[in-house]
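Residue numbers (our numbering), protein chains in the order written: chain A, 29 to 348; chain B, 6 to 675.
Some hints here could point you the wrong way.
To be verified - Keeping only pairs whose Cα atoms sit at most 30 Å apart, straight-line, the calculated DSS-like set for lysine-lysine is:
(1) 653/B / 598/B
(2) 279/A / 598/B
(3) 478/B / 160/A
(4) 478/B / 320/A
(5) 478/B / 305/A
(6) 454/B / 305/A
(7) 320/A / 498/B
(8) 454/B / 478/B
(9) 279/A / 454/B
(10) 279/A / 478/B
(11) 160/A / 498/B
(12) 598/B / 320/A
Stated by the list, open to error - Examples of chain A residues toward chain B, derived with CB under 8 Å:
(13) 154
(14) 157
(15) 233
(16) 261
(17) 265
(18) 268
(19) 295
As the list claims (entries may be wrong) - Which chain B residues stay away from chain A? Per the calculated CB distances, all over 12 Å, these:
(20) 25
(21) 30
(22) 143
(23) 437
(24) 495
(25) 531
Source of the hints: derived by calculation from the structure; they are not laboratory data. All C-beta atoms, glycine included, are put in the ideal place defined by N, C-alpha and C.
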Amino acid sequence: MILAFAESRGTALRKAAFEAVTAARELGDDVHAIVVGPSGIAAQASQLDTSRVLVAEHAAFTQYNPEATAALVAERVKTGGYRAVFFVSTAQGRDLAPRVAAKLGAAFAPDVTSVATNGEEIVVTHPVYSGKAIATLVLTGAPAVIAARPSSFPPARTDSASPSVEAIAPVGDPSASRVVVTELRTGGGAKLDVSEAAIVVSGGRGLKGPEHFTLVEDLAASFGNAAVGASRAVVDAGWRPHSDQVGQTGKVVSPDLYVAVGISGAIQHLAGMRTAKTIVAINRDKDAPIFKIADYGIVGDAFEIVPALAAAVREARRSG
Amino acid sequence: MTPAAESLYLIILGLAAGFFFYNAQRLVEYLRVGRPEDRTDHPLVRARNLVSIGVLQSKILRDPLAGAMHATVFWGFMVLTVGSVEILIQGVVPSFTYAALVSPPLYAGYVLSQEAFALFVLGAVAWLFYRRLVLRPKRLQGDKLEQWDALLILSMIAALMITLFLLNAFAIVSGQQAGARVLSTGLARLLSSIPPDAAASSRDVMWWSHVLLILAFLNYLPYSKHLHVLTSLPNVYLSNTSGPGTIGAMRPMDLEAEGVEQFGAADVKDLPWKNLLDGYSCTECGRCTAACPANLTGKVLSPRKIVINVRERLLEFGGMPTGLVHGEGEHEPDARLLDGYISEEELWQCTSCRACVQECPVSIDQLDTIMELRRNLVLMESRFPPELQPAFQSLERNGTPWAFNAADRGEWAEGLSIPTMADCSAQGREPEVLFWVGCAGSFDARAKKITVAFARIMQAAGIDFAILGQEEKCNGDPARRMGNEYLYQMLAKENIGTLNAYRVKTVVTICPHCFHQLGNEYAQLGGHYEVIHHSQYIERLMAEGRVPLSNDNGDERTFTYHDSCYLGRYNNVYDAPRRVLPVVNLVEPVRNKSRGLCCGAGGGRMWMEETQGKRINIERTQELLATGAQAIATACPFCMTMISDGVKANESPVPVYDIAEVVASRLSAV
Numbered sequence: 029m030i031l032a033f034a035e036s037r038g039t040a041l042r043k044a045a046f047e048a049v050t051a052a053r054e055l056g057d058d059v060h061a062i063v064v065g066p067s068g069i070a071a072q073a074s075q076l077d078t079s080r081v082l083v084a085e086h087a088a089f090t091q092y093n094p095e096a097t098a099a100l101v102a103e104r105v106k107t108g109g110y111r112a113v114f115f116v117s118t119a120q121g122r123d124l125a126p127r128v129a130a131k132l133g134a135a136f137a138p139d140v141t142s143v144a145t146n147g148e149e150i151v152v153t154h155p156v157y158s159g160k161a162i163a164t165l166v167l168t169g170a171p172a173v174i175a176a177r178p179s180s181f182p183p184a185r186t187d188s189a190s191p192s193v194e195a196i197a198p199v200g201d202p203s204a205s206r207v208v209v210t211e212l213r214t215g216g217g218a219k220l221d222v223s224e225a226a227i228v229v230s231g232g233r234g235l236k237g238p239e240h241f242t243l244v245e246d247l248a249a250s251f252g253n254a255a256v257g258a259s260r261a262v263v264d265a266g267w268r269p270h271s272d273q274v275g276q277t278g279k280v281v282s283p284d285l286y287v288a289v290g291i292s293g294a295i296q297h298l299a300g301m302r303t304a305k306t307i308v309a310i311n312r313d314k315d316a317p318i319f320k321i322a323d324y325g326i327v328g329d330a331f332e333i334v335p336a337l338a339a340a341v342r343e344a345r346r347s348g
Numbered sequence: 006m007t008p009a010a011e012s013l014y015l016i017i018l019g020l021a022a023g024f025f026f027y028n029a030q031r032l033v034e035y036l037r038v039g040r041p042e043d044r045t046d047h048p049l050v051r052a053r054n055l056v057s058i059g060v061l062q063s064k065i066l067r068d069p070l071a072g073a074m075h076a077t078v079f080w081g082f083m084v085l086t087v088g089s090v091e092i093l094i095q096g097v098v099p100s101f102t103y104a105a106l107v108s109p110p111l112y113a114g115y116v117l118s119q120e121a122f123a124l125f126v127l128g129a130v131a132w133l134f135y136r137r138l139v140l141r142p143k144r145l146q147g148d149k150l151e152q153w154d155a156l157l158i159l160s161m162i163a164a165l166m167i168t169l170f171l172l173n174a175f176a177i178v179s180g181q182q183a184g185a186r187v188l189s190t191g192l193a194r195l196l197s198s199i200p201p202d203a204a205a206s207s208r209d210v211m212w213w214s215h216v217l218l219i220l221a222f223l224n225y226l227p228y229s230k231h232l233h234v235l236t237s238l239p240n241v242y243l244s245n246t247s248g249p250g251t252i253g254a255m256r257p258m259d260l261e262a263e264g265v266e267q268f269g270a271a272d273v274k275d276l277p278w279k280n281l282l283d284g285y286s287c288t289e290c291g292r293c294t295a296a297c298p299a300n301l302t303g304k305v306l307s308p309r310k311i312v313i314n315v316r317e318r319l320l321e322f323g324g325m326p327t328g329l330v331h332g333e334g335e336h337e338p339d340a341r342l343l344d345g346y347i348s349e350e351e352l353w354q355c356t357s358c359r360a361c362v363q364e365c366p367v368s369i370d371q372l373d374t375i376m377e378l379r380r381n382l383v384l385m386e387s388r389f390p391p392e393l394q395p396a397f398q399s400l401e402r403n404g405t406p407w408a409f410n411a412a413d414r415g416e417w418a419e420g421l422s423i424p425t426m427a428d429c430s431a432q433g434r435e436p437e438v439l440f441w442v443g444c445a446g447s448f449d450a451r452a453k454k455i456t457v458a459f460a461r462i463m464q465a466a467g468i469d470f471a472i473l474g475q476e477e478k479c480n481g482d483p484a485r486r487m488g489n490e491y492l493y494q495m496l497a498k499e500n501i502g503t504l505n506a507y508r509v510k511t512v513v514t515i516c517p518h519c520f521h522q523l524g525n526e527y528a529q530l531g532g533h534y535e536v537i538h539h540s541q542y543i544e545r546l547m548a549e550g551r552v553p554l555s556n557d558n559g560d561e562r563t564f565t566y567h568d569s570c571y572l573g574r575y576n577n578v579y580d581a582p583r584r585v586l587p588v589v590n591l592v593e594p595v596r597n598k599s600r601g602l603c604c605g606a607g608g609g610r611m612w613m614e615e616t617q618g619k620r621i622n623i624e625r626t627q628e629l630l631a632t633g634a635q636a637i638a639t640a641c642p643f644c645m646t647m648i649s650d651g652v653k654a655n656e657s658p659v660p661v662y663d664i665a666e667v668v669a670s671r672l673s674a675v
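Chain A on its own, in the form it takes in the complex (with noise of 0.2 Å):
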């Protein structure tokens, strides 16, 4: 058996609760998720593709609670008899995944891009050196504490799962945890961070003025969930805000996506996004050094393609 640790926030899941349903399910076991939050959140049950579903329902889990938390998800495993128990580096998770590993003794593996065993051994991935190499690694022992890196599973999601849920309840007081979360403040308010989102559209100075920045906007509008970085030299410009920078002293991003509009790419920049999947550039000058980088290059003006290629964006995302 398999233990999947489903991520929450208030009473609804994350993202990354579904992607470790999915990495767990790479073992070809029998998998089951752990749900820790506060009151209410076993309603969310039914949207995790396990078999059965354990739930610990506690009014200090309004909150992330990393030592109530870790002990219990240790505890389960322990007396649960799992082979694995699977996370997801998120920001909670890699606070998580090492505490749950030090408790159990066992071996932890984070940032994990694939997952498959070898008879009695777990064998699984993960990049090493600014995602240049890839590191093979073996887990021997049980159980082992592997973390999945983010977006590398497809999410689990149903609507239509009929788990066994099963009300568990918290090792010792989950109040008396000597590290409290009081308060969960995101920057930048409601808007995408860069370094969370899974396509980013950046702007630099070949857009001439900020005002021109609503073209770059409207493009990231297209996708939906898109996030707006900038260069180093408009952010020095004063057209954009510093939390918006990609590049060496910004935000170093790796997203599925990363559309360059204007920016010519100094090394600078490219420090910040050479990691991401797929690059696409726009710039008017053909020998533009983020041309050496990107998997996509359209060489020509900002103005006529962004618009073009926003419309042709909502359109397929319309039809597909």
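Fit chain B to the supplied structure of chain A, relying on the hints for placement.
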């Protein structure tokens, strides 16, 4: 003098001397708080500095007018002190005169010198008053106490000169021989109506005034910024900023030393004693701060404040009554130097351009203190701007401050038939020179063009050269200047291992930071090579007639050249990059050569955000554009990045080239 007066004089003289030596001993004792460091090596180099910088005032004369005024007062004091000794002795032996010791012409010359220099000093002091009270230059704006201190000292000097003239004039009126005292004689004529008796007692009053002023002046110095009168010459002798030793090299650090628990400096006790003496020697002229690129562009860093803070903290630490010590900026009572007096923010704004050190007339090393404080921040407290984390991490993992793959380092050379050292070694041969490319030249698309241009020049000149390719790593300069000595030594030792394994003797490089590190600082870790910057190398090849240039006048456009700090102030290379430029017309920006303004990228600033004040690269680019030049030349890939960005931000069409690119564009077709 009556016997009573004579006894009184002796008592005053004794008390004054006693109080002075008490204070002097106390100030010397405070210096012992600092770390020991030998500064007695190379006495000849030190003596030369003492003569040129100290006695001949070469650095203070960099500001011609204020410098000339200061030099007048300084030389005046040297000359007049001889006379003061004579006057002080006369208090005990009234008949004493140098005339009894030397030949009459020599004595006449001595007397004339006293007369002349007293007048020169008086004139200079008048101008200095005028400057302080009317001109009020920005660099002299200290706090209230500093203002009073300065005016008090100027008044004392003026009073010393006036009492000297009156003393001599009254003596002549009372019937003494005038001799060569031409000015005093003139003054005596104006006073000739005074009866001889009255003149004699007036002479005594002036003598007492003059003597008491001398003793008061001497005893005031330890409580004033004018302590520099006493400490400047020793400071110049003991300083390393103009040699001996390698100019601009950071202090070696033994990270494995037994029992060492403090790396870098957090307080005065962690600084070498010489840095504390720097504090005594600062007279707050502000030349360092006036030349500081960070301060010039509206940032809080002020090298003068750093030095004043060191003195302030040291006197507090030593137990000097602090009410008498003025300072700069706010500080917490009894707080350590770092944070208490000097903020982290100030320290990270430094570009390590060395302009402050270059300007200081008494060879204070502001930069050394800044770097020791940075070392403590990083090595002891792990405090640094968050944006440095990726740079440190990448240096550690990829051997380059930018997150690029070490395997791609030699990519630029593909198809150019440039062998690697490994290739050469496999063939059992040792190339004439190693071309050390550097990280910018290897990974930055713009800088790669410089690399290729220089490689083409060497190929055209038929040079047998090779590169390290994947085996090259960052030289470590960014890490070292960012205070991360541990990371620096890791990188430097690896590079030295590689270079020594290939038995490299001569290295050429396009990067002044690599040039300075490999040539000047690697010796600390056992790496000894002849390292040549490409500007010097091209100059050498041209002189040997090995660069086949096209046969025309050169580029017709008007060029201006931007000096790199690590090439210029660190290594005194000013002429080579100018000479190799095959251009018809070269114009200089207002700040050039040793006064050149930094591009803003040194000292690790390349990897930091610049959020306060104007951006340094914008300021510098505007100075370069103000020359009206049609193209800008640089000789450093960091300068290239900063000035190119500056040109773009100014929406100017002026292109920026490296000197190698300008030369390569004139290569005749082979």
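A quick look at each hint next to the structure:
1. 653/B / 598/B: OK: residue 653/B and residue 598/B at ~24 Å, within 30 Å.
2. 279/A / 598/B: 37 Å, violated
3. 478/B / 160/A: Holds, at roughly 17 Å.
4. 478/B / 320/A: 23 Å, holds
5. 478/B / 305/A: 27 Å, holds
6. 454/B / 305/A: Since the Cα atoms of residue 454/B and residue 305/A sit roughly 27 Å apart, the hinted pair holds (cutoff 30 Å).
7. 320/A / 498/B: 33 Å, violated
8. 454/B / 478/B: The hint holds at about 20 Å.
9. 279/A / 454/B: 28 Å, holds
10. 279/A / 478/B: 25 Å, holds
11. 160/A / 498/B: Since the Cα atoms of residue 160/A and residue 498/B sit roughly 25 Å apart, the hinted pair holds (cutoff 30 Å).
12. 598/B / 320/A: Not satisfied, since the Cα-Cα distance of roughly 37 Å exceeds 30 Å.
13. 154: Since the shortest Cβ distance to chain B is 15 Å, the answer is violated.
14. 157: Cβ of residue 157/A sits 6 Å from chain B, so the hint holds.
15. 233: 6 Å, holds
16. 261: 7 Å, holds
17. 265: This hint holds: residue 265/A lies near chain B, its Cβ roughly 7 Å from the closest one there, short of 8 Å.
18. 268: Because about 14 Å separates residue 268/A from the closest Cβ in chain B, which is outside the 8 Å limit, the hint is violated.
19. 295: 4 Å, holds
20. 25: 54 Å, holds
21. 30: 51 Å, holds
22. 143: About 27 Å separates residue 143/B from the closest Cβ of chain A, which puts it past 12 Å; holds.
23. 437: Its Cβ never comes within 12 Å of chain A, the nearest being 31 Å, so this holds.
24. 495: 17 Å, holds
25. 531: With a cut-off of 12 Å, residue 531/B remains clear of chain A, as the shortest Cβ separation is near 29 Å.
The earlier numbered hints that this structure contradicts are 2, 7, 12, 13, 18.
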